[in-house]
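Colleague: Okay, here's what each chain looks like letter by letter:
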Amino acid sequence: MINPFKTIASLLLLVLMTVMLPSSPVHAESKKYKRTVEHYTLPNVTLINQDGKKVSLQSLVKGDTPIVVTFIYGTCTTICPVLSAGFVNLQSKLAATGQSPRLFSITIDPENDTPKVMKEYLKRFRAKPGWDFATGSRADIDAVMKAFNAYIPDKMSHYPLNLIRNPKDGSWVRLFGIMSSREFLEEYQGVVGK
Amino acid sequence: MKYIDTLLLFLLLTSLFLFNVPPSHAAPGALQKAEIIRLGEQMYRQGILPSGKPMPAFIRGDVEVDSSAFSCSSCHLRAGLGSYEGGVVTPPTTGSKLYKPYRRPPSMGDTMDQSGRHIYAKTVQERPAYNRTTLASAMRFGVDPVGQTFNDVMPRYPLSDSDMSILIDYLEALSSQPSPGASSTEFRFATIITDDVTPQDRQALLMPLQNFIDRKNQQLAMYSDFIKFGYIPTAEMKYAFRKASLDIWMLKGPPATWQKQLTAYSTKKPVFAVLGGISNQNWKPVHDFCESERLPCLFPITNFPVVSETGWYTYYFNKGYAQEGEATARYLNRQESLRDEKAILQIVQDSEAGKALAAGFQSVWKEIDRLPVTTVTLTAAQLTDQGGMNKILSTHSYTALLLWTDARLLPNLKTMISRLSDQGIVVMSSEYLGKNMAAISENVRDRVLLTWPYRLTPYVGPKTGQFDAKVPTLTSAKDYGDRRITSRSVTMLLQATLQGLNRIYDNLYRDHLLDVMSMQMDLTVRDYERLSFGPGQRYVSKGCYIIQLGPGADPALIPRSEWVVQ
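Going down the list, the sequences are from chains G and A. Taking the numbering used here, the leading residue of the first sequence gets 9, the next gets one more, and so forth. Taking the numbering used here, the leading residue of the second sequence gets 263, the next gets one more, and so forth.
The reader is advised that the hints may include incorrect statements.
[Unchecked claim] Take a look, some chain G residues computed to stay more than 10 Å from chain A by CB distance:
1. His47
2. Asn52
3. Gln107
4. Ser108
5. Lys124
6. Phe133
7. Ala155
8. Ile186
9. Val200
[To be verified] The list that follows gives simulated cross-link-like pairs (lysine-lysine, DSS-like), each with its CA atoms no further than 25 Å apart:
10. A:Lys530 x A:Lys546
11. A:Lys546 x G:Lys127
12. A:Lys628 x G:Lys61
The set of hints was computed from the structure by calculation and includes no laboratory data. Quick caveat, the model's predicted, so the values are computed rather than measured. Virtual Cβ for every residue (Gly too), placed ideally from N, Cα, C.
Excised from the complex, chain A in its bound form (with noise of 0.2 Å):
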């Protein structure tokens, strides 16, 4: 017994000292606001020390891991306001809701299952608000401020008082101020549309989303009709009907000047999220400006999205021509008669969209550590240049041909495929043949191989949003070069969208509508297999077919690969 007394004081004096290490760096009381914000964002997304080491932690009682491996974010998600997954419920850990008493809300997980599976996933239930005193140790010791331990799945986290009190100051300022553009009325949209965009395509993607802002004016009508007649709503209905607005943000000009026309329509009406959009120029410029104003842009349409693992801001629907590009890297790794890189040759347009092609490409092959590719870029004229073509084929007996071009050479095709070795193939992108694509002639289609990132598989479901069809809806020959601005945008916005607007309740912070979005189920959608989220994974549509095209005019699309090549 007097053992463990003296092991006791030992420790608690130990504690003691521990606890007032003299910090590292300056008090946090002389760190300006804007860089304890900045080092505490830090400790809560990326798990680093203000003095840049990682940060230790316990997990499930006595694992020890540093936080470089997973952070607060990863849990409490980046907005702060928690997440729901496979029974784990994280709860808020933003100031405003530490700072006030909490109940925790019912949850499918809280009971027993059929096979008697503890409920591991809930602890806590009801607590007092808490004080940076209770907070800190709630992270040191995890215990609420009346003593209840959490969980295993919450770490410990044994931080010196000047790092905890700069956790703690970002905390209270995280998701602290409602996003712009948001009020318990009304949330204000707008779209972005640039100057190159025709007028029927443009008409394509406002019909879904005006119809989609009528909608929501129209249910709130109803609602406030059936509040007057004194029927009570549900919490969830409270938040579900809101006024709602949109704006056309049209980009005039050179695309260097789009960052200063979009910070003028953001300064004079701000708003809470960009639905959708359209251009068939790089999306970048306003990629960029999302990005700085973090500002949700979600599901443009575009095939020149920028392609980046840290892109947060906008959502797309996949990675446009580059994905194609890839498909055909990972296709064409699995060929035993290509293991040789000297057999392949990359033909690339001069182009955008030949350039994005063979990126993507590109990227994966280097990925797999596949040798270069003898890689050709050649303007529109070259391209049509038969004897010019003829020489560059005659350089090797090439057994695969990436041709990323346009519609032009397809006249000449069949004499390139003469020039092949016996076996040889050629891969084209389908969305850049566009409606072309049928031109290809017949007696070589057993030698075309084609990029195809949409749905093959019939889909049964509505297909605009207006009507469900009884129907399968079929893909084929008369959807080739179907921009698919109108069913897409209505996926954008029916399926996707509107369930994270009407999941976020009265936390209308932007970041949180995005972490509400990465936590929902895959869709089955109209025009790809499957979408599916994950947070921080911002291309939804993750497959593309290789396909063949049959005989005749009206060519079925057969596939020769499955949606996700690997």
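Next up, chain G with everything else stripped away, as it sits in the complex (with noise of 0.2 Å):
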């Protein structure tokens, strides 16, 4: 399946990229993603996950390990394929380390993304286990929105954010923004407690 030459060569050119370029983002120092240590709480209510099952918000988010929470939607351009591909790398990233990170995204159009539709997207991300996509009804998405403080009326006005809670304190880590997967990776780890 995977071409080890083209793997290489890719790697390759990463480094090369890094190299060549000073200025690009591999390299910047200064964060391009604003963090900060919030405090929510979140509506009791049911959303419906790809495999049409019923999850309870509140009782998903709980538990000892933590939770990556984003809000996405399945046809939306540019910046959804990027927090999306951030998840798949997490996932990858992590999985080296035998570990499986909680991943959430919660739809912000909840008229078209039935089950069906999520499940698709999934796949065509590659999602492996442990990163579940949920719909609801448009009361309920909208409370979670402004639980999060992520409220928007519109989805064609939305924003790059993960929100990762610390299963210690039920605290949230919010960062809003385009990280990198490093960064997105040290700050997982940070609320892991590595």
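Now that you have both chains on their own, put them together as the hints suggest.
Modeller: Structure (structure tokens):
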């Protein structure tokens, strides 16, 4: 499946890009995203995941491992591919160390994103188990966005946001903006405590 | 230091080798132009290399992804003129724009917002023209011709020389010719009407269309007067005012001959887009024609759209009858009393409508992994044969009866319901029953559920586009069977389409019109609770209530579900 030459070639290319373009984002020292630690009270809503199963948001986020939440939608351009590529990468980076992060994407286009659409989306991104995508009634989705201080009246004005819950004290690390996968991994590990 | 130098040299050599890998297929020069475009389109739209493998890419600096999840067109859109979403400006990527200096238009996201969030969206603000070499570097390394680095949203694509050459050929061809039917001074439109449509319905469609065209031409005349008096227009205004014309493409005879008639019309006088249209027959032949001609067809009035995930050129209000069937499946799936599929019987009238309703129901029922329900298809005569019907109903004690039929069996409804189990319910289509819906006898109304794909909450706003309603418009019994031809056409023209036409400026490409329309915000309109858009989404109203009728001759419409049943 994986062409070893291609992989090595891409790796070399990447190193090359890094070396030749010292101003490239890979090297950028200043963070391009904004990080805060917040406390949220989540509504008691039931969402529906890509398998058509009911998921209680409150009980889902609890648990002794962190969970990462994003807001995306199936047909979104530009931002969602970038957010989801981040999820894919976090999964594969952590898989190397035997970890499997809990990832949770919530749609902001509940009318279009049926379980079928969400399942196909995850398949397209080759999501591994542990990454769920959920929809719900518009009222419930609005309530969830509001609880995370991420409410937008229209999906077209949506922005990139990752939220990581710290199981120790229930606080959330709020990451606004686009991160490199190294930054994302560091933020995640920071919450895990490694 | 020495070590770094050696490493650099090594990397440089490797990179030279890398980009000079012998192409796995014939050199682009040897390929036919059409083949190059096909391969380039496949890279651009599907993220698949000429070799058939997924295109590798790096996103956000170091995240490796392959492009089968998302491709150039996910961000730069199909026509290549870019997009603006949630603060991210994706610039145009067509040859004609890239080979000219570019200055990014200012956008709202360019300043820091109150909470100090940084603008990640925009890096390159001004650049000189690209050539093929600098363009290849832009895609490989994310730098513009003067070395400004792109932001992390634009992926970096490590492509071989020959693949890169094909992609660049495609970008050069992309949106390079204005589409037929539009010029800097004129938009030509058509509308499509089939010969089964009554003169009243035809008039209901043509009235708003004609108004729209007249109004555009009047505005142009006024605008020209302003210019005469020395008024200097903004760039936006320059493009908003254009002459407009409307042709009526009447289709006669059997649907199998429509394609030929359509070809004759469009060859004689090509149009930029089809504005609406109406038919009581299946819209498929027109849909297929528009796909093959790459001709936008905007919101025809039909209950028989083509339900597909890949259709591109036709925008529909909703999935028609299929949507009512789909909502029914989701609604029944939530009922605990209906866990056993054997308790459900579907009776389908042998008609286009009956079959479309059943197909919608079955597609979702299957999607949610339910076992098939018992389905009986009956002719109109069989439907009213009481004896035969009793026999069918006595085979099992059914709890839900889906009656995808017209109003002819309403007189028998009471008897039929008496043969169901105690709590048994009937589901019917309000659209198929039409005006006869109120004939459902009062004493069975608590057992009958109806699909209702229209708005129920009061609507405050322009009703027909001619005036602003100060009092909320209420949906009521008088709306049964109202085909809403005029009100929906006005919505189509003044809310959804005009937004697109005004925003394409001088980029007169049909694909661009569709791209721009797909990026619009949700709309609140008279006939539907909400219209929502998105790239590739083509059925803009996603809802359908399940309702019951209140008592009386002018019954209340009582919702038994939300607008979107999940």
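Colleague: Next step is simple, just say for each hint if it's right about the structure.
Modeller: Taking the hints in turn, this is what the structure says about them:
1. His47: holds (17 Å)
2. Asn52: With a cut-off of 10 Å, asparagine 52 of chain G remains clear of chain A, as the shortest Cβ separation is near 17 Å.
3. Gln107: holds (18 Å)
4. Ser108: About 18 Å separates serine 108 of chain G from the closest Cβ of chain A, which puts it past 10 Å; holds.
5. Lys124: violated (5 Å)
6. Phe133: At roughly 5 Å from the nearest Cβ of chain A, phenylalanine 133 of chain G sits no farther out than 10 Å, so the non-interface label is violated.
7. Ala155: Per Cβ check, alanine 155 of chain G is outside 10 Å of chain A; nearest 18 Å; holds.
8. Ile186: violated (5 Å)
9. Val200: At about 20 Å from chain A, valine 200 of chain G clears the 10 Å cut-off, so the statement holds.
10. A:Lys530 x A:Lys546: Within the cut-off at roughly 23 Å; holds.
11. A:Lys546 x G:Lys127: violated (28 Å)
12. A:Lys628 x G:Lys61: Satisfied, since the Cα-Cα distance of roughly 16 Å is no more than 25 Å.
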